[in-house]
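Since the structure of chain E is provided, determine the placement of chain G on it from the hints.
Protein chains in written order, with our numbering: chain E, 1 to 355; chain G, 1 to 504.
Hints listed in this document are in silico derivations from the structure and should not be mistaken for laboratory results. Treat the hints with care, as some may be off.
Straight-line alpha carbon distances no greater than 25 Å define the calculated DMTMM-like cross-link-like pairs of lysine to aspartate or glutamate that follow [as the list claims (entries may be wrong)]:
| hint | chain 1 | residue 1 | chain 2 | residue 2 |
| --- | --- | --- | --- | --- |
| 1 | E | K269 | E | E307 |
| 2 | E | K138 | G | D29 |
| 3 | G | K75 | G | E86 |
| 4 | E | K159 | G | D29 |
| 5 | E | K159 | G | D224 |
| 6 | G | K103 | G | D20 |
| 7 | E | K126 | E | D52 |
| 8 | G | K327 | E | D52 |
| 9 | E | K42 | E | D200 |
| 10 | E | K188 | G | D29 |
| 11 | E | K188 | G | E86 |
| 12 | G | K485 | G | D464 |
| 13 | G | K171 | G | E86 |
| 14 | E | K138 | G | D464 |
| 15 | E | K60 | G | E319 |
| 16 | E | K27 | E | D52 |
| 17 | G | K327 | E | E341 |
| 18 | E | K198 | E | E307 |
| 19 | G | K95 | G | D29 |
| 20 | E | K244 | E | E339 |
| 21 | E | K27 | G | E319 |
| 22 | E | K27 | G | D20 |
| 23 | E | K306 | E | E341 |
| 24 | E | K3 | G | E352 |
| 25 | E | K6 | G | D224 |
| 26 | E | K269 | E | D192 |
| 27 | E | K188 | E | E131 |
| 28 | G | K327 | E | D146 |
| 29 | E | K60 | G | D320 |
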Amino acid sequence: MMKLLKILFVLFLIVGCSRNQILEDLKIIESLGYDLEEDKIKGSASFHVHYDVPAGAPVKLLTAESETANGIFTTFTQQVQHPVAIGKTRTIIMGQPFANEGIKDLIDTLVRDPIVESNAKMAISKEEAAEVLNLSMKFPPYYLSDVIEQNITYGNTPKTNVHTVLNQFYGAGQDVYLPVLTIYESEKIMVDGLGIFKGDKLMMLLQDREAFLFKIIKDKNISGTYEFISKQKEKIFLKIMYGKRKISIKNTSQNPQVIIKLDLFALIKDYPRSLDLSKSKDVKQLSKKIEKELSTKIERLLEEFKERQVDPVGFGDLIRSEKRDWTQDSFNDQYPNLEFEIETKVNFLQKGVEG
Amino acid sequence: MGGHGSLRNFIKQKNDSIHDLFKEVSKSDDFYQFSTKSSNELPIYFSYYKSLIDEKKIHHHLLPYIQSAEEVFTKLTDVMNAIPIEDREITSDPKVIINKLTKGYIFIHLTINPEKGILVNLSNGTKGYRDFNNAEHEYSVIGPNVGFVEDLDTNLSLLRRHIISKGLVFKEITKGSLSNTRVVIGYIDGIANPQHVQTMKQRLEDLDMDVIFDSSVLDQIISDNTNTPFPLFMSTERLDRTIYMLLLGQVIVISDGSPYVIGGPTTIFNFFISPEDYYSPWSVGSFFRLIRFIGVLFSILATPIYVAVLTHHYAIIPEDLLTPLIKSRANVPFPPLLEALFLEITIELLREAGGRLPTKVGQTLGIVGGIVIGQAAVEAALTSNILLIIVALAALASFTTPIFKMSNTIRILRFPLILLAAIWGGFGVTLGLTFILCHLMRLKSLGTTYLTPLYPFRYRDLNDSFIRSSLSVTTKRFTFFRPLKLHRYNVKKHKDIEDDYNNE
Numbered sequence: 001m002m003k004l005l006k007i008l009f010v011l012f013l014i015v016g017c018s019r020n021q022i023l024e025d026l027k028i029i030e031s032l033g034y035d036l037e038e039d040k041i042k043g044s045a046s047f048h049v050h051y052d053v054p055a056g057a058p059v060k061l062l063t064a065e066s067e068t069a070n071g072i073f074t075t076f077t078q079q080v081q082h083p084v085a086i087g088k089t090r091t092i093i094m095g096q097p098f099a100n101e102g103i104k105d106l107i108d109t110l111v112r113d114p115i116v117e118s119n120a121k122m123a124i125s126k127e128e129a130a131e132v133l134n135l136s137m138k139f140p141p142y143y144l145s146d147v148i149e150q151n152i153t154y155g156n157t158p159k160t161n162v163h164t165v166l167n168q169f170y171g172a173g174q175d176v177y178l179p180v181l182t183i184y185e186s187e188k189i190m191v192d193g194l195g196i197f198k199g200d201k202l203m204m205l206l207q208d209r210e211a212f213l214f215k216i217i218k219d220k221n222i223s224g225t226y227e228f229i230s231k232q233k234e235k236i237f238l239k240i241m242y243g244k245r246k247i248s249i250k251n252t253s254q255n256p257q258v259i260i261k262l263d264l265f266a267l268i269k270d271y272p273r274s275l276d277l278s279k280s281k282d283v284k285q286l287s288k289k290i291e292k293e294l295s296t297k298i299e300r301l302l303e304e305f306k307e308r309q310v311d312p313v314g315f316g317d318l319i320r321s322e323k324r325d326w327t328q329d330s331f332n333d334q335y336p337n338l339e340f341e342i343e344t345k346v347n348f349l350q351k352g353v354e355g
Numbered sequence: 001m002g003g004h005g006s007l008r009n010f011i012k013q014k015n016d017s018i019h020d021l022f023k024e025v026s027k028s029d030d031f032y033q034f035s036t037k038s039s040n041e042l043p044i045y046f047s048y049y050k051s052l053i054d055e056k057k058i059h060h061h062l063l064p065y066i067q068s069a070e071e072v073f074t075k076l077t078d079v080m081n082a083i084p085i086e087d088r089e090i091t092s093d094p095k096v097i098i099n100k101l102t103k104g105y106i107f108i109h110l111t112i113n114p115e116k117g118i119l120v121n122l123s124n125g126t127k128g129y130r131d132f133n134n135a136e137h138e139y140s141v142i143g144p145n146v147g148f149v150e151d152l153d154t155n156l157s158l159l160r161r162h163i164i165s166k167g168l169v170f171k172e173i174t175k176g177s178l179s180n181t182r183v184v185i186g187y188i189d190g191i192a193n194p195q196h197v198q199t200m201k202q203r204l205e206d207l208d209m210d211v212i213f214d215s216s217v218l219d220q221i222i223s224d225n226t227n228t229p230f231p232l233f234m235s236t237e238r239l240d241r242t243i244y245m246l247l248l249g250q251v252i253v254i255s256d257g258s259p260y261v262i263g264g265p266t267t268i269f270n271f272f273i274s275p276e277d278y279y280s281p282w283s284v285g286s287f288f289r290l291i292r293f294i295g296v297l298f299s300i301l302a303t304p305i306y307v308a309v310l311t312h313h314y315a316i317i318p319e320d321l322l323t324p325l326i327k328s329r330a331n332v333p334f335p336p337l338l339e340a341l342f343l344e345i346t347i348e349l350l351r352e353a354g355g356r357l358p359t360k361v362g363q364t365l366g367i368v369g370g371i372v373i374g375q376a377a378v379e380a381a382l383t384s385n386i387l388l389i390i391v392a393l394a395a396l397a398s399f400t401t402p403i404f405k406m407s408n409t410i411r412i413l414r415f416p417l418i419l420l421a422a423i424w425g426g427f428g429v430t431l432g433l434t435f436i437l438c439h440l441m442r443l444k445s446l447g448t449t450y451l452t453p454l455y456p457f458r459y460r461d462l463n464d465s466f467i468r469s470s471l472s473v474t475t476k477r478f479t480f481f482r483p484l485k486l487h488r489y490n491v492k493k494h495k496d497i498e499d500d501y502n503n504e
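For reference, chain E alone in the conformation it holds in the complex:
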């Protein structure tokens, strides 16, 4: 027993300690931003200082220029008094030009990095990423990631994080989609729609309403809010609480046909006063209106995807699960001929308090 202890002690001395990263001696980066500036990558990083700083030394954004995605950290280290730590980086923002050029290098770096969280949110920004990050420094810590996270849970953004992005990028038959951030009224940061990629280049931007339609056909969490004006100039607003969805493909070899069945449970918040929802006739009328609207708009969205030859919903992946000899090229030939059939059913959960 004593011999064992002596051997253990000697082992301690040989192995030594692991490198410290003591909490208060670190610059914990909250968000990283990547912009494109004439062939070079302009990186920025935002952080917060949690203890009191003297008044004349405000906390400023870290900026750097480099050729590679990780080269910005060299310049960051040259600007700070504590080592830079990216273990708690929650958002990675890319400017639109950067995304148009191609995000392949960045994704390659991310897939091999064990320190960046799998739960980090990636996003595109319409303005420069550095500007967005600069604005976010004024807000409480982790503001950006909280905004995106909240929209995923309660808003119209489908679930996305580094884990799903890597899966979509490297997986066959699926294209990447990322939320889009924008600066609203020059003071607020807003989530505004989705960006769809083809391969590694940004191809199209969806608006907020289309992002909702995309969310209910793709995401596991079928919820969100939607408003529209019907043909009879009626303004309707609904909030989808939960739902069920079934996507099936028929006839995968020749003319594949996609059938999407949606079963939605909604709260109807704004509807024309001419209808009285305590009567089942009116309920049926209203729900038919909404169903028709949703079905047509979804079909239009899917046709637009077909036109631009992007496949964020993952039909290629779905067909690949049923065909043995599926290849991306064969799917590219099949994709323009894909037919969609969409059935929507809307059930009203609550109609409000009767007066």
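Frame of chain E; chain G shown alone:
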């Protein structure tokens, strides 16, 4: 005790006459000799250790009968017939005489230099010992609070009065070359496994020690593994806990002069049960027992996890905690390891000093030490207030175990884990826990593995480990003590309560 030393040497060297014995023994000033005259004017001499005998007995039960006896004493047997005390014998062996003199016997002889004399038992076993027997160190709010005292005969009588069965057997041996302490092994014949009794007796007979101060000295000598911080024998001061040990089939050892009774074999779960669990309903008792386990885990792991996370794993701190943690540590000049060690050692100092302070000073110093020093340390930015809370709570939680020896163990288990956490982070904490677990799995107490019923998994014996099941479930004894009879009592349903929806 000094007189005994010279006497021991004396008996080894000389085996001679009583005269030489008296010469040696009178070196000690508390050896007293006096004489009275009986009715025929013949002197009768008394020799004894004044500090050992009970004066009341010599005044009331011995001298009156000898002094006012009417018959004439010519021989020792006449004197013997007049004495009303039953523990008396005539002897001429100096070894027996000195043995009994040091136990509180009085030596009566008819001549100054006698050949033989009468030894009468006038000892006062409880002189100098306290006679109140509240269990002050293992206090319980409800239930009887009867504890053992230092006198062996009182303890044995307490046990006999509670287990009124001919199965309760006491075997007495004398250990200790200088102290000649009476050590008693107790068990219930018919329930306790004879192997355990035999092992216990064997180990006790084989040991050699000069003075048995306390039963914990015996504990350390006869235990299976002396290098472990975990107590391998249960040591308790309470009567009801001892009775519970006996009825489960364990063997107890009581030593004269010690109010603590040790018992074996034990498992680690025995140290977390408290008599109060049994005097409350089983759901309440189980809840508090679970709190004890959680308290122990918290006490061992809280500070090491704090040190590990702050030193190596900043990434797992929730974002809402980042600001308070960094703010509280911003001006602290030490790394988390030194800060934690500083606070832990302060708390240990407070505890050690608090045990030795006189009660009047202890109260104020406790408040001063606890509150003011803690506040001042935080204000002076020597420590952070979050760590202060964690260390204070962990120190408090380590005392939730009812047995004092176990809470000592938990106190010291924390320090190696803190060191490992600072060196290797979360990996170090896991390493330390693995070491502790492996050590626990190999411990044996009198042949029974320490972690039963978890480690050799005994499903049916789990009913009294983490939770205390109701009395209708615990009708059998634990199998891992290997008792001779498993059945304890029968459960009968109430005849007057019906099983309909009117009753809860």
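We went through each hint and held it up to the structure:
no.	hint	result
1	K269(E) to E307(E)	violated, 35 Å
2	K138(E) to D29(G)	violated, 90 Å
3	K75(G) to E86(G)	holds, 19 Å
4	K159(E) to D29(G)	violated, 94 Å
5	K159(E) to D224(G)	violated, 60 Å
6	K103(G) to D20(G)	holds, 20 Å
7	K126(E) to D52(E)	violated, 33 Å
8	K327(G) to D52(E)	holds, 8 Å
9	K42(E) to D200(E)	holds, 19 Å
10	K188(E) to D29(G)	violated, 98 Å
11	K188(E) to E86(G)	violated, 103 Å
12	K485(G) to D464(G)	holds, 18 Å
13	K171(G) to E86(G)	holds, 22 Å
14	K138(E) to D464(G)	violated, 58 Å
15	K60(E) to E319(G)	holds, 20 Å
16	K27(E) to D52(E)	holds, 14 Å
17	K327(G) to E341(E)	violated, 58 Å
18	K198(E) to E307(E)	holds, 12 Å
19	K95(G) to D29(G)	holds, 21 Å
20	K244(E) to E339(E)	holds, 21 Å
21	K27(E) to E319(G)	holds, 14 Å
22	K27(E) to D20(G)	violated, 88 Å
23	K306(E) to E341(E)	holds, 14 Å
24	K3(E) to E352(G)	violated, 32 Å
25	K6(E) to D224(G)	holds, 22 Å
26	K269(E) to D192(E)	holds, 22 Å
27	K188(E) to E131(E)	holds, 12 Å
28	K327(G) to D146(E)	holds, 22 Å
29	K60(E) to D320(G)	holds, 22 Å
When each numbered hint is compared with the structure, violations occur for hints 1, 2, 4, 5, 7, 10, 11, 14, 17, 22 and 24.
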